[in-house]
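**Q** These are the residues of each chain, in order.
There are 2 protein chains.
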Amino acid sequence: MTVSMYKISVPIFVQFLTSLSAVLDKAAAFAEAKKVDPSVLLNTRLAPDMFPLVRQVRAATDHAISAGGRLAGVELPTFANDEATIPALKERIAKAIDFLKGITPAQIDGSEGKEIKITFPSGQTREFTGQSLLLNNALPNFYFHTTTAYDILRHCGIELGKRDFMGTPVQM
Amino acid sequence: MTVSMYKISVPIFVQFLTSLSAVLDKAAAFAEAKKVDPSVLLNTRLAPDMFPLVRQVRAATDHAISAGGRLAGVELPTFANDEATIPALKERIAKAIDFLKGITPAQIDGSEGKEIKITFPSGQTREFTGQSLLLNNALPNFYFHTTTAYDILRHCGIELGKRDFMGTPVQM
Numbered sequence: 003m004t005v006s007m008y009k010i011s012v013p014i015f016v017q018f019l020t021s022l023s024a025v026l027d028k029a030a031a032f033a034e035a036k037k038v039d040p041s042v043l044l045n046t047r048l049a050p051d052m053f054p055l056v057r058q059v060r061a062a063t064d065h066a067i068s069a070g071g072r073l074a075g076v077e078l079p080t081f082a083n084d085e086a087t088i089p090a091l092k093e094r095i096a097k098a099i100d101f102l103k104g105i106t107p108a109q110i111d112g113s114e115g116k117e118i119k120i121t122f123p124s125g126q127t128r129e130f131t132g133q134s135l136l137l138n139n140a141l142p143n144f145y146f147h148t149t150t151a152y153d154i155l156r157h158c159g160i161e162l163g164k165r166d167f168m169g170t171p172v173q174m
Numbered sequence: 003m004t005v006s007m008y009k010i011s012v013p014i015f016v017q018f019l020t021s022l023s024a025v026l027d028k029a030a031a032f033a034e035a036k037k038v039d040p041s042v043l044l045n046t047r048l049a050p051d052m053f054p055l056v057r058q059v060r061a062a063t064d065h066a067i068s069a070g071g072r073l074a075g076v077e078l079p080t081f082a083n084d085e086a087t088i089p090a091l092k093e094r095i096a097k098a099i100d101f102l103k104g105i106t107p108a109q110i111d112g113s114e115g116k117e118i119k120i121t122f123p124s125g126q127t128r129e130f131t132g133q134s135l136l137l138n139n140a141l142p143n144f145y146f147h148t149t150t151a152y153d154i155l156r157h158c159g160i161e162l163g164k165r166d167f168m169g170t171p172v173q174m
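For the record, the sequence lines run as chains E and V.
Once you know that position 85 of the first sequence is 87 in our numbering, the rest is easy, because the numbers rise by one and skip nothing.
Once you know that position 51 of the second sequence is 53 in our numbering, the rest is easy, because the numbers rise by one and skip nothing.
Same shape as in the complex, but just chain E (with noise of 0.2 angstroms):
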């Protein structure tokens, strides 16, 4: 057994890209039950200058495609970024999970040391390593995104425990 650039990338961001559509779906239930529009849960935000749970979903989805796509060196897939209900969102997140299980251990394994150059929709540019792009920014964003989303619906009154958030870890 080793640890790997795939072992701690991959498998985790499907373990937490799966446990948070699981989520969406006590959103759902809960949203019929209350008599809820959705789209109030989708557009709650934890403070005015924070992105609302839609774009937390969205950015935990980019952060696990970006790092998992440029780590394999293989083309993103794209968004319309117009995901406005949940069963869309559900959409995104598998069409994520496809994505990163095509990936090969063979096409991540090794790139530690890659050089990856990030150009911003900004157009500022940055440059990482395969290793600092996953460990320093791809993996805490993720987590701060699907955390942050779960944080969320708890504040929203949706009954969740930690292991919704944890869900099942993946053998990959």
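For the record, the hints were derived by calculation from the structure and aren't laboratory data.
Treat the hints with care, since some could be wrong.
Since the list gives no way to pick out one identical chain from another, each pair is judged satisfied if it fits inside one copy or across any two copies.
Said to hold, decoys possible - Dumping the calculated DSSO-like pairs for lysine-lysine here, alpha-carbon to alpha-carbon at most 27 angstroms:
1. Lys119 - Lys164
2. Lys9 - Lys103
3. Lys9 - Lys36
4. Lys164 - Lys116
5. Lys9 - Lys116
6. Lys37 - Lys164
7. Lys92 - Lys164
8. Lys9 - Lys119
9. Lys28 - Lys119
10. Lys97 - Lys36
Got chain E sorted already, so can you dock chain V onto it with the hints?
**A** Chain V in isolation, oriented as in the chain E frame:
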């Protein structure tokens, strides 16, 4: 450059505990400026059945210490768990950082397959490998509690940005 159990644990814990401590400085400054008793912040929760800020911070330090110490096979420091002020919480974080900085790569690297049995306060036991403890338990829980601490303070109106959460990568 290789990825290792040490690199994916200790420097990450130190980075995000350091940023958490700086976030608490901003909370203290906010409380002083607004003439708010800091204990109001420490006892704020996002939902009635979630931990308040003070417990989120304790849990973050606990997961970092538990993982670092058990992977290295050294005795874990203990705490009175009675921190009731921001300085006391920052002292706890500082103690955790000192403990983690005292662990060397040689003590942790190669611990992927190490069998680790944890007995919880409930008496329940759970068996891990070093890798499963770190990847499927300690890191997600650590990020969960550091993020939720940040989210609570954002929800309280404290001016913080993602950079405050991320902090600065540490070279160790």
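**Q** At most 27 angstroms between C-alpha atoms: does Lys97 with Lys36 qualify within a copy, between copies, both, or neither?
**A** Answer is neither: 29 angstroms inside a copy and 46 angstroms across each miss the 27 angstroms cutoff.
**Q** Within, between, both or neither: how does the pair Lys92, Lys164 come out at a Cα-Cα threshold of 27 angstroms?
**A** both (20 angstroms within a copy, 25 angstroms between copies)
**Q** Checking an output row: Lys9 and Lys119, CA cutoff 27 angstroms. Within, between, both or neither?
**A** Intra 23 angstroms, inter 22 angstroms, cutoff 27 angstroms: intra and inter.
**Q** When no copy is specified for Lys9 and Lys116, does a C-alpha distance of 27 angstroms or less occur within a copy, between copies, both, or neither?
**A** both (17 angstroms within a copy, 16 angstroms between copies)
**Q** Between the shortest in-copy and the shortest cross-copy C-alpha distance, which are at most 27 angstroms for Lys37 and Lys164: within, between, both, or neither?
**A** within (26 angstroms within a copy, 34 angstroms between copies)
**Q** One pair to classify: Lys119 and Lys164, alpha carbons no more than 27 angstroms apart. Within, between, both, or neither?
**A** between (36 angstroms within a copy, 21 angstroms between copies)
**Q** Measure nothing new, just compare the shortest in-copy and cross-copy C-alpha distances for Lys9 and Lys103 to 27 angstroms and report within, between, both or neither.
**A** both (12 angstroms within a copy, 25 angstroms between copies)
**Q** With 27 angstroms as the alpha-carbon cut-off, assign the pair Lys9 and Lys36 to within, between, both or neither.
**A** neither (40 angstroms within a copy, 46 angstroms between copies)
**Q** Please sort Lys28 with Lys119 into within, between, both or neither, judging by C-alpha distance up to 27 angstroms.
**A** neither (38 angstroms within a copy, 33 angstroms between copies)
**Q** Given identical chains, is Lys164 near Lys116, meaning Cα to Cα at most 27 angstroms, within a copy, between copies, both, or neither?
**A** Answer is between; shortest inter-copy Cα gap is 26 angstroms, intra-copy 35 angstroms.
Of the numbered hints listed earlier, those contradicted by the structure are 3, 9 and 10.
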